[in-house]
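Whenever a hint applies, use it, and build me the whole structure from the sequences.
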Amino acid sequence: MAVDNVDVLVEDVVKPENLVYRRPSTLLDVELHYCPGCGHSTVHKIFMEVVEEMGIQNDIIGVAPVGCAVFAYNYMDVDMQQAAHGRACAVATGIKRMLPDKFVFTYQGDGDLAAIGGNETLHAANRGENFLVIFINNAVYGMTSGQMAPTTIEGMVTTTSPYGRDPKTMGWPLKFGELIAPLPGVAYVTRQAVNTVQNVRRTKKALQRALEYQKMGLGFCLVEIVSNCPSNWKMTPIESNNYVQNVLIPYYPLGDIKVPEVKK
Numbered sequence: 003m004a005v006d007n008v009d010v011l012v013e014d015v016v017k018p019e020n021l022v023y024r025r026p027s028t029l030l031d032v033e034l035h036y037c038p039g040c041g042h043s044t045v046h047k048i049f050m051e052v053v054e055e056m057g058i059q060n061d062i063i064g065v066a067p068v069g070c071a072v073f074a075y076n077y078m079d080v081d082m083q084q085a086a087h088g089r090a091c092a093v094a095t096g097i098k099r100m101l102p103d104k105f106v107f108t109y110q111g112d113g114d115l116a117a118i119g120g121n122e123t124l125h126a127a128n129r130g131e132n133f134l135v136i137f138i139n140n141a142v143y144g145m146t147s148g149q150m151a152p153t154t155i156e157g158m159v160t161t162t163s164p165y166g167r168d169p170k171t172m173g174w175p176l177k178f179g180e181l182i183a184p185l186p187g188v189a190y191v192t193r194q195a196v197n198t199v200q201n202v203r204r205t206k207k208a209l210q211r212a213l214e215y216q217k218m219g220l221g222f223c224l225v226e227i228v229s230n231c232p233s234n235w236k237m238t239p240i241e242s243n244n245y246v247q248n249v250l251i252p253y254y255p256l257g258d259i260k261v262p263e264v265k266k
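According to the numbering used here, the sequence shown is numbered sequentially starting from 3.
What you were told as hints is all true, and nothing was included just to trick you.
Here are the simulated EDC-like cross-link-like pairs (lysine to aspartate or glutamate), alpha carbons at most 16 Å apart as the crow flies:
no.: 1; residue 1: K177; residue 2: D258
no.: 2; residue 1: K47; residue 2: D31
no.: 3; residue 1: K217; residue 2: D103
No lab work stands behind these hints, which were simulated from the structure alone.
In structure tokens form, the structure reads like this:
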């Protein structure tokens with residue numbers, strides 16, 4: 003009788019209406035190298051869910067530069083291209099122009115995109131290149147020991163700002179989304195986060211919307227995702243998510259910065 007009860011419970015669990023989690027077919031079943039609690043894993047999952055749900059696995063090409071996400075091609079089961087540090091938008095421009103019918107995206111951290119890659123990103127946006135930039139903003143250089151990044155907020159301690167970022171000598175934190183939004187070639191700019199369930203859902207919708215705009219040929223799309231870096235912040239995953247909510251988001255407010263006018 004006990005065995006029968008167990009069988010019934012198993013059948014109940016696998017029913018679609020009881021499904022809590024399922025790995026998307028577009029996300030490879032391998033162990034991720036990211037630190038425990040890092041937001042990269044969540045972004046990988048929801049973006050690959052979008053790719054699966056839109057049915058574009060064979061029609062999308064990603065570009066991963068140097069940074070924490072340098073091995074993104076080991077996890078996302080789509081065509082991927084490696085780029086030099088900061089040069090993802092240049093590589094994506096070439097791919098999209100040669101294969102205009104493909105969906106193209108870059109996956110970049112704040113050091114890569116806004117520092118060494120600032121020029122590439124800015125001019126790709128100004129040209130109105132029709133691809134998606136996924137921009138992970140965790141306010142530090144994550145892979146190389148947590149140095150100050152363009153996005154490091156005032157007073158934040160990093161390995162290269164041990165007394166906190168001082169705008170008088172180090173400049174102000176860079177809001178890259180607001181910087182490029184006025185450019186006529188930019189179609190869509192939004193800032194989201196992955197520190198809460200509600201924010202994860204909003205981020206997933208933003209990623210899908212950006213790909214839909216690309217399909218319509220509207221121009222450059224940037225989805226900035228405010229995330230955490232537990233290891234370099236010297237925090238637990240929970241503490242780092244709270245830091246995102248209480249410290250980073252007040253400086254980097256969430257929501258759409260620029261939305262295209264779509265003719266129905």
